[in-house]
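Engineer: So the protein sequences, as listed, match chains A and B.
Per this note's numbering, the very first residue in the first sequence carries number 7; after that it's consecutive.
Per this note's numbering, the very first residue in the second sequence carries number 24; after that it's consecutive.
No lab work stands behind these hints, which were simulated from the structure alone.
Where a beta carbon is used, it is the ideal one built from N, C-alpha and C, also for glycine.
There could be a bad hint or two in this list.
Said to hold, decoys possible - Computed beta-carbon distance windows for the label pairs:
#: 1; chain 1: B; residue 1: Asp-136; chain 2: A; residue 2: Asp-77; range: 35 to 45 Å
#: 2; chain 1: B; residue 1: Glu-114; chain 2: A; residue 2: Val-27; range: 38 to 48 Å
#: 3; chain 1: A; residue 1: Asp-189; chain 2: B; residue 2: Ala-75; range: 38 to 48 Å
#: 4; chain 1: B; residue 1: Ala-78; chain 2: A; residue 2: Asp-189; range: 27 to 37 Å
#: 5; chain 1: A; residue 1: Gly-23; chain 2: B; residue 2: Arg-146; range: 40 to 50 Å
#: 6; chain 1: A; residue 1: Asp-231; chain 2: B; residue 2: Gly-142; range: 26 to 36 Å
#: 7; chain 1: A; residue 1: Ala-248; chain 2: B; residue 2: Arg-52; range: 24 to 34 Å
Here is what each chain is made of, one letter per residue.
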Amino acid sequence: MGVLTRVWRRLGRSRRGVSSVELLQRAERLRREGRFEDGAALVSDALKLDPRSVLGQLLAGYFHAALRNADGARAAFRTVLSLDPEHPRAMLGLARIAFEHGEMGPAQELLERAVRVYPDFPEAIALLEATRAVGAAPPAAAGSASVTARLAQIARPDGARECLFLGADGAVVFAHPATATRDALGAHLARVATLGGATLARAGLGPLRRACIVANPGTTFLVADGRHVLALTLGPDVAAAAGERQAADLWARFTAAAAA
Amino acid sequence: MSTGAPAVPPGNAPTRAAAVRSILGELARISGVRGGLLIASDGFVIASSLPADVAVEPLAALATTLGRELELGTGKLNRGMVSSAYFVADEGTVFVGPSPMGFVLLLADRAADVAAIRGDFRRALDTLQMAWRAGDHTGGRL
Numbered sequence: 007m008g009v010l011t012r013v014w015r016r017l018g019r020s021r022r023g024v025s026s027v028e029l030l031q032r033a034e035r036l037r038r039e040g041r042f043e044d045g046a047a048l049v050s051d052a053l054k055l056d057p058r059s060v061l062g063q064l065l066a067g068y069f070h071a072a073l074r075n076a077d078g079a080r081a082a083f084r085t086v087l088s089l090d091p092e093h094p095r096a097m098l099g100l101a102r103i104a105f106e107h108g109e110m111g112p113a114q115e116l117l118e119r120a121v122r123v124y125p126d127f128p129e130a131i132a133l134l135e136a137t138r139a140v141g142a143a144p145p146a147a148a149g150s151a152s153v154t155a156r157l158a159q160i161a162r163p164d165g166a167r168e169c170l171f172l173g174a175d176g177a178v179v180f181a182h183p184a185t186a187t188r189d190a191l192g193a194h195l196a197r198v199a200t201l202g203g204a205t206l207a208r209a210g211l212g213p214l215r216r217a218c219i220v221a222n223p224g225t226t227f228l229v230a231d232g233r234h235v236l237a238l239t240l241g242p243d244v245a246a247a248a249g250e251r252q253a254a255d256l257w258a259r260f261t262a263a264a265a266a
Numbered sequence: 024m025s026t027g028a029p030a031v032p033p034g035n036a037p038t039r040a041a042a043v044r045s046i047l048g049e050l051a052r053i054s055g056v057r058g059g060l061l062i063a064s065d066g067f068v069i070a071s072s073l074p075a076d077v078a079v080e081p082l083a084a085l086a087t088t089l090g091r092e093l094e095l096g097t098g099k100l101n102r103g104m105v106s107s108a109y110f111v112a113d114e115g116t117v118f119v120g121p122s123p124m125g126f127v128l129l130l131a132d133r134a135a136d137v138a139a140i141r142g143d144f145r146r147a148l149d150t151l152q153m154a155w156r157a158g159d160h161t162g163g164r165l
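Sequences are here, hints too, so could you generate the full structure?
Structural biologist: Put into structure tokens, the structure is as follows:
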């Protein structure tokens, strides 16, 4: 690299005369249009010119996250915090990734820090409330062995592929079939119920009553009341009304048996 | 969501962005739908047609986290891919589904026909995917 090139780059300009700031502005525009690959490429060019750009590293984190590259996003957000330890948006970015990985403690800590630094931060506050709700969910009732035995006696709908009855904290009270992944599935479904409830509440619609999740192997119907969650998985082509009716019937019998 | 954006700019072939916005505009016009969001997987709001009384950013943060939980949870547990989901409360329903850009969220009011919207929503998500892929093949860019 020649002396002039080195000086030019120190001024934050590429060989074509485009500054890192201009590249980042273009990348921002592409982000608003959903062109994440193209935007990420521009950010990469900008960071070659100015590796210590906080905005560049932050945008790199956003683009990695948008492209579902959690490792890349985490590295970029950490770089932002190494340059600006109080950057609330980098904390939010890291908290999201921690949440996605089920690391509720670190997620809550990062969000609390972000809100301390920047109290008027609605996204962080909303996510902090959801994170606390996941951690604060009441545990399943004690004496669950006898409850499990009672629930096992209740007939499940024809065509039921899977049935879980959970505490709001995700603890499995009853599972059929009793797969090796039932605890992980229970935790996941409880987080879905909590996040679904938080989203509804944030939209001003009230607490979660029921849900339906359509996936290619089956459709899962949830019923929830803040203390328990029922997840009933039926075939992928079941009509929503029929599935909801079967889940509601089973919920009534399960909650009655659990309370007995 | 930009409901007024033309699908075909004058003198040009339809762009991918115009096609996507047109599909989202159609969704927002379904009876009982109060509005919607197109959100990137990092929580960034690309388009919104939510009513003014709904705070967009916190709702987008939660919807994205919910979308990612659905996406990652089913993936990690080897349960296929989620194509759509809805969550019902006393005062209305939230629909969430994956899109090529991230996630789409719809808010429906209490009187909405959830089954009908579910069908329209799933068809719109399929059309979004096709529009996105068509853009790749024809060189159409956002």
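Engineer: Give a verdict on every hint.
Structural biologist: Cross-check of the supplied hints:
Asp-136 of chain B and Asp-77 of chain A have their C-beta atoms about 43 Å apart, which keeps the hinted 35 to 45 Å range intact. Distance hint check: the CB atoms of Glu-114 of chain B and Val-27 of chain A are about 46 Å apart, consistent with the given range 38 to 48 Å. Between Asp-189 of chain A and Ala-75 of chain B the Cβ separation comes to about 43 Å, which falls inside the hinted range of 38 to 48 Å. Judged by the Cβ atoms, the range 27 to 37 Å given for Ala-78 of chain B and Asp-189 of chain A holds: they are separated by roughly 35 Å.
Checking the proposed 40 to 50 Å range against Gly-23 of chain A and Arg-146 of chain B shows it holds: the Cβ atoms sit about 48 Å from each other. At about 28 Å, the CB distance of Asp-231 of chain A to Gly-142 of chain B agrees with the hint of 26 to 36 Å. In this structure, Ala-248 of chain A and Arg-52 of chain B meet the distance hint of 24 to 34 Å, their C-beta atoms being roughly 28 Å apart.
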